[in-house]
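Participant: Next come the chains, spelled out residue by residue.
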Amino acid sequence: MDVLLASSAEAFRLLFSGDAEIWEIVGISFRVSSLAILCAVPPALIIAFVLAYGNFFGRRLLISLFNTFLSIPAVVIGLTLFIVLSRQGPLGDFKLLFTQTAMGLGQFLLCLPILVCMVHVSLQAADRAAWETARTLGASRVRAFFTVIYEIRFGLMAALLAGYGRIISEVGASMMLGGNIAHYTRNIPTAIALETSKGAFAEGIALGMVLLFLAFLVNALLQYVQGKGSINP
Amino acid sequence: MIESFRIGFRDISKRYGGNSVLEQTGIDIASHDCIVITGKNGAGKTTLLRIIAGLEEPDRGRVILDDGAPQRWRQQRKRLLRSVMYLHQQPYMLAGSLQRNIDYAARLNPAIADRASSVAKAIHWARLDGLEAQAASSLSGGQKQRVALTRARLRDPQILLLDEPTANLDNESRQRTLQMLREFCDSGTAVIIVSHDPDVFGELATRELLLQDHRIRDAAETAHEVVELDSVRQSRQR
Numbered sequence: 001m002d003v004l005l006a007s008s009a010e011a012f013r014l015l016f017s018g019d020a021e022i023w024e025i026v027g028i029s030f031r032v033s034s035l036a037i038l039c040a041v042p043p044a045l046i047i048a049f050v051l052a053y054g055n056f057f058g059r060r061l062l063i064s065l066f067n068t069f070l071s072i073p074a075v076v077i078g079l080t081l082f083i084v085l086s087r088q089g090p091l092g093d094f095k096l097l098f099t100q101t102a103m104g105l106g107q108f109l110l111c112l113p114i115l116v117c118m119v120h121v122s123l124q125a126a127d128r129a130a131w132e133t134a135r136t137l138g139a140s141r142v143r144a145f146f147t148v149i150y151e152i153r154f155g156l157m158a159a160l161l162a163g164y165g166r167i168i169s170e171v172g173a174s175m176m177l178g179g180n181i182a183h184y185t186r187n188i189p190t191a192i193a194l195e196t197s198k199g200a201f202a203e204g205i206a207l208g209m210v211l212l213f214l215a216f217l218v219n220a221l222l223q224y225v226q227g228k229g230s231i232n233p
Numbered sequence: 234m235i236e237s238f239r240i241g242f243r244d245i246s247k248r249y250g251g252n253s254v255l256e257q258t259g260i261d262i263a264s265h266d267c268i269v270i271t272g273k274n275g276a277g278k279t280t281l282l283r284i285i286a287g288l289e290e291p292d293r294g295r296v297i298l299d300d301g302a303p304q305r306w307r308q309q310r311k312r313l314l315r316s317v318m319y320l321h322q323q324p325y326m327l328a329g330s331l332q333r334n335i336d337y338a339a340r341l342n343p344a345i346a347d348r349a350s351s352v353a354k355a356i357h358w359a360r361l362d363g364l365e366a367q368a369a370s371s372l373s374g375g376q377k378q379r380v381a382l383t384r385a386r387l388r389d390p391q392i393l394l395l396d397e398p399t400a401n402l403d404n405e406s407r408q409r410t411l412q413m414l415r416e417f418c419d420s421g422t423a424v425i426i427v428s429h430d431p432d433v434f435g436e437l438a439t440r441e442l443l444l445q446d447h448r449i450r451d452a453a454e455t456a457h458e459v460v461e462l463d464s465v466r467q468s469r470q471r
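In order, the protein sequences belong to chains Z and P.
When we follow the numbering used here, the leftmost residue of the first sequence carries the number 1, and every step to the right adds one.
When we follow the numbering used here, the leftmost residue of the second sequence carries the number 234, and every step to the right adds one.
Take the hints with a grain of salt, since some may be wrong.
[Stated by the list, open to error] Incomplete in silico selection of chain P near chain Z, CB under 8 angstroms:
hint, residue
1, A286
2, Y325
3, L327
4, Y337
5, A338
6, L341
7, Q412
[To be verified] EDC-like, lysine to aspartate or glutamate: derived pairs with alpha carbons at most 20 angstroms apart:
hint, chain 1, residue 1, chain 2, residue 2
8, P, K377, Z, E132
9, P, K377, Z, D127
10, P, K311, P, D261
If you are wondering where the hints come from, they were derived from the structure by calculation, not from laboratory data.
Values in this document were obtained by computation on a predicted structure and should not be read as measured data.
Backbone N, C-alpha and C fix where the C-beta goes; we use that ideal spot for every residue, glycine too.
Can you build the whole structure from these sequences, using the hints too?
Facilitator: Here it is in structure tokens:
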């Protein structure tokens, strides 16, 4: 218990003393994860939409595949991409391994199925009449698409939260694809793993606190937006 | 005022799985028409409306515009989506206020120059004044129906399709809805109503059709009564 208290106190000191290394790690984490999820949103919306409203051969198989990818371990994504991006791999010439791009790619693949599945469920739960009303009012397909997305915005935000939560805290893919290089690819989860292995619990706890605080911040923001969006509280 | 038009649907067939819903049936629609379609539950009334609206593809079917050559439904789908408007039995209200719902329709009509004024006039037309800021989802059934009709007015469709528009409405809302539908017909829009209670539209209807055994029939053939009210239509055209 004493160790926990002492480490927590030291963690607070590190955070509020403006320890440059810790905040650099926080910055890398959020830059990579934010970019990954931003890149994943457009294809996820389109895939979810096609799965929800499309009528084509193999649709159910695709839905099952995306549902299966929900439970894929981050380390498996990391390993697969590691092989693809390594020097002998098909994309080896791009020299992406142990870069932030590789980490972002891994996180993109991790959050894509979450976004697809959750948006797909939201679309299925939503009234199909939203799409038809927009179309019959003269909206183009693109306009009707964005109308429907607006109708399911809360479900979309929940999907974003879940996806972000998964990638900001994953360690397997980031470790394999980024290599945990100081000042470059060291993010919060890989730094926590490293500091803990060294016995530097205070740094680990400090970074864990940042993760928790930011998770809280994002959730609070969502609650605020939902509250504002709801005309009938 | 809608320009005079005629549109015919021919040999429309639709199956769901192994069940045939519509078989080689058709319907002719012209400006100023007010057609009431009746039939048992599951007869295919809603399916027929959705095919006319361009929302559901038939297995087979052709469309004839004015005196043109018959064309496949798929070739005319875009045109149908442009010129036909379908109102669901439970009108869908977009998220947000009544004003947003009406404004959404106005934005989609490029012919509307002064959007704010058109929206205000449309709201007044529907007697929805004072409810602009209210959440559309919290409106009563009758008010939602009027919002849907107001959006349709701003859309200015050639054909307006309604699925049980007066179901679950009180007498006042029903009368207001009928009045609004009459104004659509008077302006040249063809109104097609699916209803289990055709008597409600007695004064409005120019034709009453029955969907039976997967086909459209003139109700007069079945009921042995005159329902073709061409004189009503002609008086409107005048």
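Participant: Under the constraints set out in the numbered hints, which ones does this structure not fulfil?
Facilitator: 7
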